[in-house]
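For this one, chain A is given, so just place chains B, C, D and E with the ligands on it according to the hints.
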Amino acid sequence: MSTLTAFFAKAWVRRVTVVVIAALAVILPLVLPAFANQTIARIGVFAVAVLGLNVVMGYTGQVSLGQIFFLGLGAYVTAYGVTQGWNIVLVFVLSLVIPGVVGLLVALAAARLGGLAIAMVTIALPIVGVPLAKRLEDFTGGSQGLSANFSKAPAWSTLYDDQWQLYIVLLIGGIVFLLTRSLVRGKYGRAFAIVRGNEAVAGSMGVSPYRYKVLAFTVASIIGGVSGFLYMVVVQYTSPETMSFGHSITLLASMVIGGAASIFGSVLGGAYYVLVPQLTNIIDPNLTALLQGAILLVVLFVLPGGLVSLPRAIDRLSSRVHRSATPTTRVPAIGASPATRADAAAVEHQIPSPATTASDPAAKRPPTERQGQA
Amino acid sequence: MTLLELEGVTASYGPVQVLGGVSLSVPDGGAVGILGANGAGKTTTLRAISGTVRTGGRIVYDGRDIRGMRPDRVAALGIAHVPEGRGTLGALTVHENLRVGAYLRKDRKGIATDIDYCLALFPQLQNRIRSNGSALSGGEQQMLAIARAFMSRPRLLLLDEASLGLAPGTAKSVYEAIRRLRKESGIAMLVVEQNANLAFSLVDSATVLETGRTVLTGSSAELKGMDEIRRAYLGG
Amino acid sequence: MGTFIQLVIDGLSTGSVYAALALAIVLVNQATGLINFAQGGMAVLSAYIAFALTQLGAPLILAILASIVASLALGALIEWYLMRRFERGDPDTAVVVTIGLLTLITGICAWIWSYDNQIFPPLFPTGTVTVLGAVLSFSSLGTIIVIVAIMVLLQVLFVGTKLGLALRAVAINTQSAAFSGLPVGRLLMVGWGLAAGLGAVAGILVAPQLSLTPGMMDNALVYALAAVILGGLSSPIGVVIAAWLIGVLENLAAAYIGFIGYDLKIAVPFILIFVVLIGRPQGLFGRKAVVRV
Amino acid sequence: GCSRGGGGTSSDSVAPSPGITETAITLGITTPMSGTTAGPGTCTVAGVTAYFGAKNAAGGVKFGDGKTRKVEIKPLDDGYDPQKAKANYDQLKDSVFAMTAGLGTPTNRAWREAAISDGVPQVLVMTGDPIFSDQKQSPWQLGFVPIYQNEGEAFGTLLATSGSEHKVAVLYQNDDYGKGYVEGFKKGIEGASNITIAEELSYEATDASVDGQLTQLAATGADVFFNAMSITPLVISSLNKAQSLGWTPNWFLPSNTSSPGGILQKANDVSVYPGIYSVAFTKAVQSPAFADDEDVKTFLSDLKAYADYPDTPAFPHCAWSYQVGATLEQAFEKMTSPTRDDFMKALRSISDFSAPLMLEGTAVDTTADGQPAVSTVFVQKYNGKGYATATSWE
Amino acid sequence: MNLHFGGVTVLEGVSFDVEPGQVFGLVGPNGAGKTSLFNCISGHYKPSAGSILIEGVEVRGSRPATLARHGLARTFQHPALQLRDTVLENVLLGAHTRLPGGPLEWSMRSPRTTRSEKALRTEALELLERNGLGWAANVRADELSHGLHKGIEFCRALLMRPKLLLLDEPAAGLPHNEVEQLIQTVKRVRDEDDVTVVIVEHHMGLIAALTDRVVVLDHGKSLMEGTAAQAQSDPRVIEAYIGKDAAGDAA
Ligand SMILES: Nc1ncnc2c1ncn2[C@@H]1O[C@H](COP(=O)(O)OP(=O)(O)OP(=O)(O)O)[C@@H](O)[C@H]1O
Ligand SMILES: Nc1ncnc2c1ncn2[C@@H]1O[C@H](COP(=O)(O)OP(=O)(O)OP(=O)(O)O)[C@@H](O)[C@H]1O
Ligand SMILES: [Mg+2]
Ligand SMILES: [Mg+2]
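Chains as they are written, first to last, in our numbering: chain A, 1 to 374; chain B, 1 to 236; chain C, 1 to 293; chain D, 1 to 394; chain E, 1 to 251.
The following block holds chain A by itself, in its conformation from the complex:
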């Protein structure tokens, strides 16, 4: 095996990458043009939304078609709170607590059902949510929606609005990503995964499928609420259309296209959600649906594992080229005795490539995201 994935698996590479990303996050907003900043901020908003969906669906395997509802709810809570003149910190807290509580209540009921039934209950959220938002006019402004202008750059910051908003998104979004990343590794990551994989086994391991489904769903709702808050920071307006069912489907597609059960895949998913409409608008706004459908199909056809699997796909391609040049045989373990087996194991994982050392079994396949806390 070669190059890309192995390169990124190295500890120092990772550390440098983190530093570089952090530095970019600080500097880029200052130098990029306004529209770029606004676009990145929007990507951030939907990356967070996709991340939430990933927690419940990518990691825990519960099909949720309702994630956009929690974004909408978070946005409405924010908009209402701001128009009522509440303290912004309080508004932020409410924008994740209220969706969290609603998500919890829905999950307490929905998690009793399995498989597709959960999908149907969650599909109901945006579908019933839209007329409900219209009906609760006193809180939501009905079909005219709510505007909330609260994310102007304060004078002391000497920043433009778009820079200020991007910093808010990067900060809050970054924290959410870090927290979620830790959550889906280690104890809870394994528990979510086994609920996805086999509920009976989960039970025997002390992981109550019901409770962990509820947990995942609640976490997803909270993250959805955060994305709703960020949505208001960036868009500053919400209406029932914000939570329309079609967007939920697009979120789902974005999650898979970015890469299910992957943290970085969520970012890519957010980028997909935001950039593809902009791209199709550039090509021909009359052909939006046709182009979007075609792009989605082409991406998945080439990368069924999502955009996040691109480095792996490149590796595969290059190693295929490699192998055809130097055919090799792997020697599998033999069972005569544990000792021979251990020896054989050392050989077994020797992958013919100059880039990796013989004793690096982990390099054989990239670890899944859940692996390892180290």
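These aren't lab readings, by the way, just hints derived from the structure by calculation.
The structure displayed is predicted, hence computed values, not measured ones.
Even for Gly, the Cβ is constructed at its ideal location relative to N, Cα and C.
One or more of the hints may lead you astray.
Derived lysine to any residue pairs resembling SDA-like cross-links, with alpha carbons at most 25 angstroms apart [as the list claims (entries may be wrong)]:
no., chain 1, residue 1, chain 2, residue 2
1, A, LYS152, D, SER117
2, D, LYS74, A, ALA34
3, D, LYS334, D, PRO310
4, B, LYS109, C, GLY160
5, A, LYS152, D, GLU113
6, D, LYS187, D, SER392
7, E, LYS46, A, GLY197
8, D, LYS62, D, ASP365
A few chain C residues that face chain B, going by a derived Cβ cut-off under 7 angstroms, partial list only [to be verified]:
no., residue
9, LEU165
10, ALA169
11, ILE172
12, SER176
13, ALA178
14, SER180
15, LEU182
16, PRO183
17, VAL184
18, GLY279
19, ARG280
20, GLN282
21, PHE285
What follows is chains B, C, D and E with the ligands alone, placed relative to chain A:
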């Protein structure tokens, strides 16, 4: 006459090659065993034949090279594979599973007779004829997988640990039935079996695999006589 | 009372629209194990094909037959060139692929025929019959009859025929099915082809009622999915009954339960699903899936 | 923030605003061109593109500052998603001179405040939401089509003054569109004792059928049906359904779903209804009555030639946005300096302009605060071929 | 204890006691109800009547997760691993109940969580090493042959530090010499870790070598109870289970 001939067969899962050259041959109407430790490549060898793994080398069946052929085409040539693990169609009933097994056959009467035959062989299945395959116990599923292979009236039977999870008495009668089939209809078979006692009761000769290669081939009697084999597979 | 019966009958005819699509979804699911979101889009495309043929002067019945045949082929081609790659992989990915397909097909229809409403010629004569003091239009009656016929055909296909059994076997476990000599690839194509043909019937049935637009089926799709889950994925009879139930209860709830009203009536099928599935996870008529450890 | 060019807030009357040069001016549109509202959405782009396409082909538009400029249209699709509309606006605002003609209330509202703070004109937009025509709240905005309330009110007034007793059944789309109509209608019948509202039901724009509502409404036996519905197929099926139920009231249909060719003639037989009323300010381009009208002919050929829109449009939005083009041209001709400020001033000073396709007696008037560019509407009655102005109830 | 599915009676009036520290065998023909009995004990099935006591506490109707937290571990007849994860991750799943801290703590990576994760990782590696699977720790489970999956499940169950361990056909698919090793391992676990083991197995050699007592089930009823030797010579057992002519060479 040889029915099936493997020559220098290699196989790989993705980039990893796990068979490095397996050679063996099964005579028409003969029974050949494959022995080997866990992970030696027994299952992979059978998969190579039935076309479910990427393969190199030569696999000749009945005079034609079937390497790389799709599994359903292989089956259509009369090769039935009882796979490792649960090979049942879980959401179908036992009866439907048996009908699927007979998919390639046209003789309605013969199918009905064979279903009765299988049910007589496995009385436990008779009781659960309308149950979903997935509701069956481990051993019952194994019986169903074997019965389904019987239903296709194969010329060559690939058995991958057919006795796995069967009660000793049942395992015995399954092998008894297979022996009878062989005698009556001249089915050839390639048998992977961890219970070497059972295996040797059935096969004429066997191949020992180690790390994906054929290391030894011999008649049952020869192999039974070898110390190493005794220690690893026969106990004592 | 008259109004009540009329509401029930209205519900039945709306429910039939959902049922048409639901049956196609069931067919694909039984044959491939997938939920096909593109089913509605494919039905719309079929309706457009029939529409285009009538525009070229073909008689309606001929246009319909041609469109059904074309849809059969199209379904099989989609399976062969597109879905094949995803059938073994992660089911979520496959579902998203069908979503992409839905978008693409909608886009193609819009591109060729624009987003304008096209008026599809009626299949049934205008006119009504009176049932128990309520009126039922010929077109609703015709739709109901066709739906029932298809439902019976599907039930027979799945339960009674070798093809149906083979289709189901392939959907459950391709490899196991292949070991018994089932031509997996061909059966998958047949499954998709049949479902697309059935979808064509659905599209052509509803096109005159809704008038033809690229997004004609989008809303019906949600109801169809609800009917599929409620009725039980494996039962054609179940989903049709569920679709009718949804249509009728929705109407009655909107008319007689004040706080629901017509804006929130869409909640009715979901509440129904929830209540039913708590008690019967396999749906009203579905076969219980046994998961053993 | 060092790499920024001049923002959009330039009040310097010499420096030209973005999107305008000596020879060209660019206008942006964000509107749904995919999704459920794509039909009318594409129409809004087609109309204005056709209008200026024809003008450009004839050399361009002569501006008030003496220069002749070509007018370019940059349309973007927002799929009726407010968030995307805002993104489109963000993308366009520095490269276009003004935003115009976009369809939809939430999509226009999403960036209204941004447009105000950036000083970007958001004018002649296709929404009946009154906020866009309120100069204090919306200094950079102006609506084009009559606010929904006006249309409803016109009909209400006609009914109230009919002198006979009427029982009205109401069915409205559950959004600001439908509710606006009903609100206007109620204002029109305020205090009239001869009118009672028998039942008031709603439907969702996404519904596949409104049969249930019609059954319930038919049961009231109302003799007037106020149907504030914007979904073409549903209007057709409603006409058929009511007929099959044996309910034949007088109908009221809103301006955008009353097209004779697109709707009435596609229903089974609307002659069973004693009267079908609508309000309008535009000639119905599909109507045979206007088949030989010069305006209509030019309009249709412009659509075909410059907007790649070969069919006769099923939506009135094409015609409306064609009129938007003409109105913009009026403003351009009055502009004396190439700035957004000056443009807004010019735009707000048009009165009594009879745009192409306008019905006699209606006119564009942008000088009244609180009203969109078009605010006069006529109630019309269908006569089997087209509409004729109805001044009193018959 | 009784268990029904629809009209089918799976278990009928089965009773037995297992002493602490025993290895208890459960044998019987296919479909006799052995796995179902396990499922009842581990909470995956709900018996329609009867009672199950663990250390004197009624556990019938408890959920699997609750039982697991109270020291019950089991393996499955058909190994159920997370095929896309490494062997080590699979085994670590067994540590779930032993890792402290709630979701918030884990998402903030409190020192306690990091420490405990590290400790259990080491323990899991040792466990794999001791069972001859150390070499496979970082291999993805689906790259291993079928026969090794049982061993991984066994390690996963051991990492739970159970008081009661249910093993469902642990020797299926193992060659003879591996079975010998398995016997040693189970003995060691019982002695060193003080675990009570209930084992379902068709390998009579293993049953004979390992178990203190056995119950023979047939058609959901218990046929006899006694030592393995008694069972093997009981004519009813031979008739129902071992098969007459097979009695000789199955030993
Ligand atoms: N969930 C279920 N639904 C229906 N029947 C079931 C279910 N679980 C078990 N059974 C039936 O109960 C009987 C006992 O099954 P069980 O798995 O307990 O057998 P077992 O003794 O473990 O057999 P084996 O040795 O073959 O594994 C079988 O006939 C099986 O079909
Ligand atoms: N899907 C796979 N991907 C990668 N490697 C695999 C895969 N399946 C099996 N292997 C490897 O191939 C080798 C041979 O496996 P195979 O299943 O043929 O062994 P076996 O002899 O049947 O063993 P057992 O007795 O345990 O069933 C093993 O080393 C195994 O790790
Ligand atoms: Mg094997
Ligand atoms: Mg069992």
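A quick look at each hint next to the structure:
no.: 1; hint: LYS152(A) / SER117(D); in the structure: 11 angstroms, holds
no.: 2; hint: LYS74(D) / ALA34(A); in the structure: 20 angstroms, holds
no.: 3; hint: LYS334(D) / PRO310(D); in the structure: 33 angstroms, violated
no.: 4; hint: LYS109(B) / GLY160(C); in the structure: 17 angstroms, holds
no.: 5; hint: LYS152(A) / GLU113(D); in the structure: 12 angstroms, holds
no.: 6; hint: LYS187(D) / SER392(D); in the structure: 18 angstroms, holds
no.: 7; hint: LYS46(E) / GLY197(A); in the structure: 22 angstroms, holds
no.: 8; hint: LYS62(D) / ASP365(D); in the structure: 21 angstroms, holds
no.: 9; hint: LEU165; in the structure: 6 angstroms, holds
no.: 10; hint: ALA169; in the structure: 5 angstroms, holds
no.: 11; hint: ILE172; in the structure: 5 angstroms, holds
no.: 12; hint: SER176; in the structure: 5 angstroms, holds
no.: 13; hint: ALA178; in the structure: 4 angstroms, holds
no.: 14; hint: SER180; in the structure: 5 angstroms, holds
no.: 15; hint: LEU182; in the structure: 5 angstroms, holds
no.: 16; hint: PRO183; in the structure: 5 angstroms, holds
no.: 17; hint: VAL184; in the structure: 6 angstroms, holds
no.: 18; hint: GLY279; in the structure: 20 angstroms, violated
no.: 19; hint: ARG280; in the structure: 16 angstroms, violated
no.: 20; hint: GLN282; in the structure: 11 angstroms, violated
no.: 21; hint: PHE285; in the structure: 15 angstroms, violated
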